[in-house]
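J.: As a plain string of letters, each chain reads:
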Amino acid sequence: MSALLSVEGVSKRFRGLLAVDKVSFEVPEGGIYAVIGPNGAGKTTLFNMIAGVHSPDGGAITFGGERIDGLPPNEICQRGIGRTFQIVRPFPALSVEDNVIVGALMKRRDVTAARAHAHEVMRRLDLYDKRAQRASSMTLPDRKRLEVARALATDPKLLLLDEVMAGLRPTETDRIVGILRDINKESGLTILLIEHVMRAVMALAQHIVVLHHGANIAEGAPQAVVRDKAVIDSYLGAEAI
Amino acid sequence: MLGRLTEGLSARTLILLTLLLAVLLAAPFFASDYLLTVLILILYFAYVGQAWNIMMGFAGHLSLGHALYVGLGAYTAAALYVHYGIGPWIGLLVAIPIAALAGAFIGYLAFRFKVGGVYFAILTIAFAEFARVGFDHLAWTKGSSGLFLPVAQYSKNDLWHLRGQPVMFYYVLLVAVVAAFIGCRALLQSRIGYFWLAIREDEEAARSAGIDTFRYKMIAVVISAAMTSFAGVIYAFYYNNLFPEQVFHISRSIEIILGPIVGGVGTLFGPILGAFVLTGLAESLTEGLHAIGIDIPGAKQVFYGICLLFVIMALPDGVWPWVKRRLGLSERAP
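These protein sequences, in sequence, are chains A and B.
Take the first sequence: its position 79, counted from the start at 1, is 79 in this note's numbering, and no numbers get skipped.
Take the second sequence: its position 127, counted from the start at 1, is 127 in this note's numbering, and no numbers get skipped.
Among these hints, one or two may not hold up.
Okay, derived cross-link-like pairs now, DSSO-like style, lysine-lysine, Cα gap no bigger than 30 Å in a straight line [said to hold, decoys possible]:
(1) A:Lys107 <-> A:Lys185
(2) A:Lys107 <-> A:Lys22
(3) A:Lys130 <-> B:Lys114
(4) A:Lys107 <-> B:Lys324
(5) A:Lys157 <-> A:Lys107
(6) A:Lys229 <-> A:Lys22
Counterexamples of contact, computed for chain A against chain B with all Cβ distances above 12 Å [what the hints assert, rightly or not]:
(7) Gly9
(8) Phe14
(9) Thr173
(10) Ala215
(11) Lys229
Computed, partial: chain B to chain A, Cβ under 7 Å [what the hints assert, rightly or not]:
(12) Leu5
(13) Gly8
(14) Ser10
(15) Ile211
(16) Asp212
Everything labelled a hint here was simulated from the structure, so no lab data went into it.
These numbers come from a predicted model, not from an experiment.
We treat Cβ as the ideally placed atom computed from N, Cα and C, and that holds for glycine.
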């Protein structure tokens with residue numbers, strides 16, 4: 001498998017704080033990778049650099065063989081990286097359908113075609129029956145799925161998911177895990193997720209990258225990573241095993 | 001063509017819209033001269049309110065300086081007419097690009113340097129104020145002593161030169177309001193419209209969904225400015241005199257935004273309804289206070305303010321969403 005996304009020695013500093021410190025890893029096409037680590041480890045900063053919200057102070061980010069670091073978020077999305085936000089931000093006054101149509105319009109000029117695509121995506125994420133509802137009146141689990149739907153509607157090659165399971169009940173978590181796994185299997189969508197919910201990480205990820213204080217302290221197959229001493233000490237704790 | 005126009009409208013909405021249009025078309029045959037001037041004012045505010053609503057209601061950027069675009073349109077067309085005898089419709093072809101350029105310049109400054117929210121509003125005030133002071137010293141438009149269009153008693157209406165009786169202006173504005181309504185509806189249902197709403201709701205999320213927010217904000221400000229300048233051309237030929245102090249004054253910009261705010265920001269019918277409610281309210285207050293013999297200066301303004309306050313407190317989303325529910329028009333288009 002060739003690498004779809006490659007992060008090489010990427011760093012980001014906010015004033016005195018080194019938020020991300022020379023992090024490197026690669027995500028192969030079709031893979032489901034997870035980034036885990038304690039709060040403040042730099043996971044979201046890393047995501048924001050991949051998604052173009054921040055440009056890295058050092059290092060390179062390559063997507064599909066092209067450098068993308070420093071590009072604005074909209075161009076990165078157009079190249080095929082869709083993202084969700086840790087704190088969900090659907091368009092509150094718009095209906096569920098219109099939220100997803102906005103995403104679908106990125107690659108489609110015609111609203112009718114975008115609506116048809118949006119319906120497909122909403123069906124996938126069990127949102128179709130709620131399509132007329134305003135986003136602001138939805139429950140958190142629904143809003144989280146709406147974020148995923150909007151990102152998916154842009155037809156990404158790589159989907160960045162920033163804690164989409166946080167705050168969900170186990171059944172809701174399993175529901176999203178199932179949906180994501182199916183999409184990955186059927187369309188070969190590559191997924192990179194940040195997640196604290198280890199239940200979801202272990203069920204989904206083929207490979208885990210562990211960040212601590214901005215640095216990559218461990219990486220590998222899930223079963224190996226959760227037994228890694230540095231990971232247990234810094235993040236999971238002994239009782240996790 | 002007609003099919004696309006009416007797409008998504010319920011039969012009830014269509015009937016009501018047709019009825020309203022019929023009443024407005026017939027109004028000059030029944031209205032007194034006084035009522036006709038009030039109706040002209042209403043249509044004027046409905047039109048500029050619609051234009052302003054593109055920026056604020058659709059793209060989420062508060063402009064408090066739309067008098068700039070009215071003034072640029074008015075002065076351009078009037079000066080071309082006074083100096084070179086160029087008619088308003090040709091003048092419009094010059095006025096629109098000038099206003100659009102002014103809008104693009106302000107937009108570029110604001111959006112390139114990420115000026116948003118109240119600061120954007122202040123920037124728009126600043127440019128309107130620049131124009132107010134600048135035009136005071138512009139000899140070509142007669143500075144602060146005012147630009148006057150030649151006036152005469154017209155026995156017949158000359159549409160090509162916009163010289164004629166109020167009824168002609170009424171119909172010109174009615175056509176403009178209908179065209180603006182149809183145009184805005186088409187925009188809102190297009191790709192651009194969806195992107196505007198996304199930007200209004202959450203700019204960062206919009207960018208992450210692949211939207212070039214700079215580009216779509218620029219499109220909004222340019223369309224809004226260009227549309228507004230047409231109202232300026234009509235204003236110049238209707239009133240026949242232009243003073244920078246009046247045309248570009250901030251109170252002019254505030255007048256423009258009151259209609260859509262009262263009617264319902266971001267709705268298509270809000271600016272039209274708001275213009276009726278506000279102008280109707282102001283005129284009936286004048287009449288009402290006169291009838292009960294209150295002649296204290298400023299009394300009208302006080303009552304007007306209280307009424308506005310009440311409307312905004314009772315219906316914070318505007319009058320139109322409420323009326324819409326009352327009329328049972330639950331079609332999905334806003």
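J.: Quick check: which numbered hints come out false for this structure?
T.: 2, 3, 4, 12, 13 and 14
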